[in-house]
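Visitor: Note that the numbering used here numbers the sequence shown so that position 58 is 58, with each residue one more than the last.
Just so you know, the hints here were simulated from the structure itself, not pulled from any lab data.
Worth double-checking, as some hints may not be accurate.
[Claimed, not checked] The list that follows gives simulated cross-link-like pairs (lysine-lysine, BS3-like), each with its CA atoms no further than 30 Å apart:
hint, residue 1, residue 2
1, K409, K329
2, K224, K189
3, K187, K223
4, K187, K401
5, K189, K210
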Amino acid sequence: MMNKLSTMLALTTAMGLATGAMAQEGEPIRIGVLHSLSGTMAISETTLKDTVLMMVEQQNAKGGLLGRPLEAVVVDPASDWPLFAEKARELLTVSEVDAIFGCWTSVSRKSVLPVIEELNGLLFYPVQYEGEESSRNVIYTGAAPNQQAIPAVDYMAEELGVEKWALLGTDYVYPRTTNNILDAYLKGKGVAEGDIFVNYTPFGHSDWSKIVADVVALGADGKKVGVVSTINGDANVGFYKELAAAGVSADDIPVMAFSVGEEELAGLDTANLVGHLAAWNYFQTAESDGNTAFIEEWKAFIGDDERVTNDPMEATVIGFNAWVAAVEKAGTTDVDPVLDAIIGVEVPNLTGGTATILPNHHLTKPVLIGEIREDGQFDIVSQTEPVPGDAWTDFLPESAKLDADWPGKDCGMFNTETNACVQVQSNY
């Protein structure tokens, strides 16, 4: 009896394997996953690695891509910026991946750019960033400044009555460039130079007493003060604690954060953060059928009902689905035909609308403002229609004249005054 049962089980298993093989034939299509799984950025980036793995599993359950299975090749650049470039080269030359999903910080992306441009790779970059860039070999699925920073400042001025501004950031390229844009934008709106306070602190900064005192002192003349925060990582904990210790509530001095989301709030004591704000293009609390399904799928895949979703995850999903659509449209995974096919591709976002890939390799995204709740989630207090991402800001004179148009001009840095391409490779 046991022999018969074993034989039947073996036959059933073999039939199942044969059915799967018939659905997906040929060599696997390899995609690279270039996210830190160790080091300081692992807490954020590991989630995006898992998101890609979930999307690969789901795509394979649909029959793969072009009749072939997908295979994720995962590497660990270990929060080491030069290692990102080395691992990108390894993915493209050794593993021979057809696309890479990865990077978080701008310095990691800048490290990878020369490699993917040299080897004609394709990177999907899923995090909000400072703009001032458009590479032929990158699809930027996170927000440009006009899809996060500018609308957030407008909300604070128009809805909260903020008149004086504290631009506080961690000392690296994203906060500095974003704050340069905001400084120019605010002055263009008539804000006096003396009503803008700019300060940068190192990663992991912990002593916020003097900076918070300086922020509070800004309001000595009775004008409403607001903080625009590009503070990253653990430094946020000390900053919000110091605000609370100084008796400053969100009603007194609202903080609008660009780098604090559900993942960063998970497991933290949010008592000091309630009522403060964040600007993103997605929150877990967004109400749509697509988001409800995505949250359920994520928790089932990860095996943890407490795990949250966040904006860079949505940007990863959008990028993956856009790549799949472009590959199906092109009929190949080769980078050049895929880049031709991807412009104009529309895929669902998780807030109930669609994302369109634009000629500048950015995409359309709604801008959401969320108010932090005690449970670490956000009440969405504002949501715009989809905003086209702008590679080059209109608020810096040297950038306002630049355009990016890959299918039309074959250039990511086109000077509209001289009608000439300044440069094609991204060595800016």
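Visitor: So, for every hint listed, does it hold in this structure?
Guide: To see whether the hints hold, each was checked on the structure:
For the suggested pair K409 and K329, the alpha carbons sit about 22 Å apart, so the restraint of at most 30 Å is met. The hinted pair formed by K224 and K189 meets the criterion: a straight-line CA distance of about 16 Å does not exceed 30 Å. For a cut-off of 30 Å, the pair hint linking K187 to K223 stands: about 17 Å separates their Cα positions. With a C-alpha separation of about 19 Å, the suggested pairing of K187 with K401 holds against the 30 Å cut-off.
Annotation: proposed proximity of K189 to K210 holds, straight-line Cα distance about 29 Å (limit 30 Å).
In summary, the structure agrees with every hint in the numbered list given earlier.
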